[in-house]
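Starting from the structure of chain L, add chain F where the hints point.
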Amino acid sequence: MDDATGASPERGVHAAALASLPRATPRRLERLLGRQDPARVWKKVQTGQMAKWVAGEDLHDIWRDHARGADLDAIAARLESLDAWATTPASRRHPLAFIHDLDPAPILFRRGRVPDPTAPAVAIVGTRRCTPTGRSVAMELGAGLSGAGVTVVSGLALGIDGAAHRGALAADGAPVVGVVGSGLDVVYPRGNRDLWEAVSAAGTLLSEAPLGAEPEGWRFPARNRLLAALADVVVVVESKRAGGSMHTVEEAIRRAVTVMAVPGSVRNPAAEGTNLLLSEGCPPACSTDDVLVALGLATAGTSAVAGSSGAADGPAEPARHAGGASLDPLQQRLLELLDDGPVSLDMLVLRAAAPVPEALVAAEGLERLGLLARDGARVMRA
Amino acid sequence: MLATVRSATLVGVWGHPVSVEVHVADGLPGFTIVGLPDASCREARDRVRAAIVSSKLTWPPKRITVNLAPSDVPKSGAGLDLAVAVGVLVADGQLEAASIADLGVLGQLGLDGSVRPVPGALPLVDAMENSSIVVAARDSAVAELAAPERVRPVNCLKEVFEALAGTEPWPVPPVARSAPPAESEPDLSDIAGQPLARWALEVAAAGGHHLLLVGPPGAGKTMLARRLVGVLPDLSHAESLEVTRVHSAGGLALPGGLITRPPFRAPHHSSSMAALVGGGTARARPGEVSAATGGVLFLDELGEFAPSVLDALRQPLEEGMIRVARSQGMVEHPARFLLVAAMNPCPCGAGGTVGCRCAPGALARYQRRLSGPFVDRLDLVVRVDRPDPADLLDAGPSTPSAEVAERVAAVRARARERGAVSNGELSGPDLERHAPLDRAATEVLRAALAEGRLSARGLRRVRTVARTIRDLEDGGHELRAQDVLAALSLRMRLDGAGGLVHG
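Order-wise, the sequence lines are chains L and F. Mind the numbering: the first sequence is residues 334 to 715 in the numbering used here, read in order. Mind the numbering: the second sequence is residues 8 to 510 in the numbering used here, read in order.
In short, the hints are calculated from the structure, not lab data. Note that CB positions come from ideal geometry on N, CA and C, so glycine has one too. Among the hints, erroneous ones may be present.
Stated by the list, open to error - Label-pair ranges, simulated between beta-carbon atoms: (1) F:G426 - L:G703: 39 to 47 Å; (2) F:L400 - L:G703: 31 to 39 Å; (3) L:A535 - F:A457: 25 to 33 Å; (4) L:K376 - F:G379: 53 to 61 Å; (5) F:S462 - L:L609: 43 to 51 Å.
Excised from the complex, chain L in its bound form (with noise of 0.2 Å):
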């Protein structure tokens, strides 16, 4: 049983309420709970025994009222209808990584497993607005990390992340992780919920927020935290100069662990934050086996295939190469034009320099062969 203390089913109902507890910081929070028991801390606060330096003068009486007035029945049975649980470092379940992390997080709301603490962890980020090359490199690498028994960590975002973690549910390898802004009944972005229900059903969903809260701006940083406290090793795949995934990147080196980015054209604007890693000397991951090597699960020139099971078998690598052989030469050359990076569609056909029926028959079989892609406005390799 978790968090044993009083009424069983226990799932921590004490800590998911002075998680409750308004402004309760993590900082607070850490500094009143300590690795006390839970229920007694609840106590203490109820009754007014907190130490006043824990939150100062205002706040204890704050917290002392609110506790008063809190609905316990009412929080344990939202746990339970979720299946989720509140865990503290006095819980030998709560992830070692976040109590000893530079920013410890004193309480934790989970669904789905409890995360394999040997196993090693790497936090796949990046934009929301990714290229679909993105979006497939994220896909690849999920699938083939998760396939070589890594566990993919990632935000449960739009576009590289959810993308990532698709890849590895696919693979059906690793369990994933999924680490959220947002109280766990609170599904964000709600395109998502999908992948947010598969995440916890093969994985695990974790969120430091209390039930309930709504996905504020502040939540993100402090979760770029905890993701950088779970891996071994952060891959951004595609990101720009400035946002969440470059905040992802400086709480990783805050912490040491590795930062690897994956290359991208000098003409995608998503690209612009991983360059600027790259050229900061951060180490390039061209694949899977890159990163592998970097986790130390595989060495140097090992041999795509070699190197690990699933890794190299990503959904789009066979047709890249399957299609070779009955590509006619307008499609060939398309395909050459399209290596120098996405273009319109319009600038392919004017650069192609054939009739523009042709062209877009080509193009079209060229994406019935998913060799080509296109997102709103561009055309580019799949």
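Here is chain F on its own, set in the frame of chain L:
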């Protein structure tokens, strides 16, 4: 005494004959007009009196009653002024009744007795069968189109009086002004690069397919749209008359008399429903969709138009005409236009890609403004982007409009042989007969349907576009897989998440 003068009034874009009956009787001096006149028509009382007095003629100090027959047709505008004035003069005995026996009279009066042009002169004159028709001199060019040799252009009421009294001959019609040099239409050769958009333009012109250009600001969407008219063939005589009639009825300037080139109308996105489809309180005047009939209706910033206004375009897009009902009756206006629309992919313009600053929600909202059924009617949806200057240098000279116009005319001629104005109007059985699919093409379409890329309407539209594409190439009878694939490529789907999605 009673006098009856023939004239006409506008109902929709058509003229309707009107008899102006004037009765002058002894009694307390007064002036009444009956027979469904609108406000400006009722004001004729004051204009007519002033014009007669200013022309040094006698205003009878008697009881004057004017009846506009038939009494169930609403009369509007000031076009009946001159007829009322002539009627008063005849009824008062200042002119012989015989002098107006077979005379039609049309014109607005100024207080000084001058005769002014009226909107809709072409359909109005068309409605009058009299052997001579008096019109304002400035209307004579247009009136001549409907009633050659029967028009008597005049400048003022005095001239009419003298001609009818027999003291002076009818004024000589002004020498037909040579039509002002046709405004040169912008040429396609001004546009460098952009082969895809240019080709889409050619397909749109050749097949009469509605076109939507999506792209960031500065990509040349408006430039492209304006050049569409230049590749369309001249209007046929029947089309010319129809277009001129609509423009005349709508009170639009007709500098050269008959309109022979397809019109280009570009209403602003703040336009109201009434401005676009036609309207007015009592009588529905033709709106922009009718003014664009036979030509191009260009809607720039499509996403900024009120959704209800756009949905009102569905009937004209489908049926080539618009039916507008107002308090005093329903009218049908012609509205057979080629729709060209342009829009940014999202509010910021960068288009759902990495440079875009719009929240995903804002993007979806922006595109949800266009209803599915409306977008479904746009056969060609094409992405336009700012060309890369380096490529423009290599691109070489662009095809001029004249060359494209030749190909367009050839395809249109083929469509006429099939019994349609354009391929875009082929439907049902005609499609089966004139646009048969070979086996591979059927497969391609079946796959597209299975993927959910096409609706049933979309399927029909793709087939007509493929017909046009084949016609542009060699006019072969059967549609091949490549024709259908090219047609599918020209039909991107608007999608909330990524701006445009191919499909």
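The hints, checked one at a time:
Between G426 of chain F and G703 of chain L the CB atoms are about 43 Å apart, so this pair conforms to the stated range of 39 to 47 Å. Checked against the hint of 31 to 39 Å, the pair L400 of chain F and G703 of chain L passes, with Cβ atoms roughly 34 Å apart. Separation of A535 of chain L from A457 of chain F is about 31 Å and conforms to the stated range, judged on CB atoms against 25 to 33 Å. Checked against the given bound of 53 to 61 Å, the beta carbons of K376 of chain L and G379 of chain F, roughly 60 Å apart, stay inside it.
Checking the proposed 43 to 51 Å range against S462 of chain F and L609 of chain L shows it holds: the Cβ atoms sit about 46 Å from each other.
The structure agrees with every numbered hint stated previously.
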